[in-house]
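Residue 303, in our numbering, is where the sequence shown stops; the numbers in between run on with no holes.
Derived from the structure by calculation, the hints contain no laboratory data.
Don't take every hint at face value.
What the hints assert, rightly or not - List of simulated lysine-lysine pairs, DSS-like, C-alpha gap at most 30 angstroms:
#: 1; residue 1: K176; residue 2: K164
#: 2; residue 1: K253; residue 2: K169
#: 3; residue 1: K206; residue 2: K176
#: 4; residue 1: K169; residue 2: K156
#: 5; residue 1: K156; residue 2: K206
#: 6; residue 1: K206; residue 2: K169
#: 7; residue 1: K99; residue 2: K73
#: 8; residue 1: K163; residue 2: K253
#: 9; residue 1: K99; residue 2: K164
#: 10; residue 1: K156; residue 2: K253
#: 11; residue 1: K253; residue 2: K164
#: 12; residue 1: K73; residue 2: K156
#: 13; residue 1: K206; residue 2: K99
To be verified - Ranges of calculated distance between the beta carbons of each label pair, as one might list FRET restraints:
#: 14; residue 1: I175; residue 2: E200; range: 30 to 38 angstroms
#: 15; residue 1: R96; residue 2: H262; range: 40 to 48 angstroms
#: 16; residue 1: H151; residue 2: D266; range: 41 to 49 angstroms
#: 17; residue 1: Q64; residue 2: G154; range: 36 to 44 angstroms
No residue lacks a Cβ here, since even glycine has one placed at the ideal position from N, Cα and C.
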Amino acid sequence: MPLRLPDKLPAIELLKEENIFVMNDSRATSQDIRPLRIAILNLMPLKITTETDLIRILSNNPLQLEISFMRIKGHTPKNTPVEHMMMFYEDFDEMRNHKYDGLIITGAPLEMMNFEEVNYWQELTEIMDWSRTNVYSTLYICWASQAGLYHNYGIKKYELPMKKFGIFKEYPSDIKLPLFRGFDDVFPMPHSRHTEIRREDILRCKDLRIVAESPEAGVGIVMARDGREIYITGHLEYSPYTLDTEYRRDLGKRNDVSMPQHYYRDDNPENEPVVTWRAHANLFYNNWLNYYVYQETPYDWIK
1 MPLRLPDKLP AIELLKEENI FVMNDSRATS QDIRPLRIAI LNLMPLKITT
51 ETDLIRILSN NPLQLEISFM RIKGHTPKNT PVEHMMMFYE DFDEMRNHKY
101 DGLIITGAPL EMMNFEEVNY WQELTEIMDW SRTNVYSTLY ICWASQAGLY
151 HNYGIKKYEL PMKKFGIFKE YPSDIKLPLF RGFDDVFPMP HSRHTEIRRE
201 DILRCKDLRI VAESPEAGVG IVMARDGREI YITGHLEYSP YTLDTEYRRD
251 LGKRNDVSMP QHYYRDDNPE NEPVVTWRAH ANLFYNNWLN YYVYQETPYD
301 WIK
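Given these sequences and hints, build the entire structure.
Shown next, in the form of structure tokens:
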């Protein structure tokens, strides 16, 4: 099944050009199916790009999904038209009285700030607390994974001397875990971050479980509450050219960013990127939706 999306969302036309089938809300309402309700709290500055990346990967599954975009009330994005935010996003206050089968909280370019210094930290912590009673499974991505682990479990983040940047091999701790059904013994994942969480801190918390890690990139995926919370330190949703765009944006402007590792053909930035993570990325999101959302959420959860 395709996704139920708001009519006129820019991602619909962008993805049709990639031969990806999505369904607008007008057509979806004619089908007598209880769709999974997925909320996305999009904290990235380029909202439309992130919307498209997530919708692209969520669309490749057999379930019908109803996508809702959440915004932080006290924060005005600088890189997305106000009209777009008004048309397609809802404030948390408008969504707090509803229940959702799944929630995705994206990363944000705020790694060098203390969490408490983020101007919307109070509202974000309120959303994270709300998700524990109103969302069946929450997926935290990159900076959001660090924020969630810090708020929910007191796990600190640490600044890296150089940006962890590139495609790194991740090893699942238990290949029989439903999250990794169909996975190989090793899978690649894009990383793009200036900070890290540390293995020893996670191991000291009995409520947390490291389920994937990398010899080069460290902790990859952490799980809590039997999959009700999943924390990803990388970006499986990234499109082929995202790391390239970031690299060229920062080239000559920062001294803590080098060429993304294991990314360009022959490690030459003049060559095209080699996409190695797409198959596992699609499988990861399908497994999350199937085994941790669809198979577990009560049918009448949203009432």
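Against the structure, the hints come out as follows:
{"no.": "1", "hint": "K176 <-> K164", "in the structure": "holds, 28 angstroms"}
{"no.": "2", "hint": "K253 <-> K169", "in the structure": "holds, 28 angstroms"}
{"no.": "3", "hint": "K206 <-> K176", "in the structure": "holds, 21 angstroms"}
{"no.": "4", "hint": "K169 <-> K156", "in the structure": "holds, 24 angstroms"}
{"no.": "5", "hint": "K156 <-> K206", "in the structure": "holds, 16 angstroms"}
{"no.": "6", "hint": "K206 <-> K169", "in the structure": "holds, 26 angstroms"}
{"no.": "7", "hint": "K99 <-> K73", "in the structure": "holds, 19 angstroms"}
{"no.": "8", "hint": "K163 <-> K253", "in the structure": "holds, 13 angstroms"}
{"no.": "9", "hint": "K99 <-> K164", "in the structure": "violated, 36 angstroms"}
{"no.": "10", "hint": "K156 <-> K253", "in the structure": "holds, 28 angstroms"}
{"no.": "11", "hint": "K253 <-> K164", "in the structure": "holds, 17 angstroms"}
{"no.": "12", "hint": "K73 <-> K156", "in the structure": "holds, 26 angstroms"}
{"no.": "13", "hint": "K206 <-> K99", "in the structure": "holds, 28 angstroms"}
{"no.": "14", "hint": "I175 <-> E200: 30 to 38 angstroms", "in the structure": "violated, 24 angstroms"}
{"no.": "15", "hint": "R96 <-> H262: 40 to 48 angstroms", "in the structure": "holds, 42 angstroms"}
{"no.": "16", "hint": "H151 <-> D266: 41 to 49 angstroms", "in the structure": "holds, 42 angstroms"}
{"no.": "17", "hint": "Q64 <-> G154: 36 to 44 angstroms", "in the structure": "holds, 38 angstroms"}
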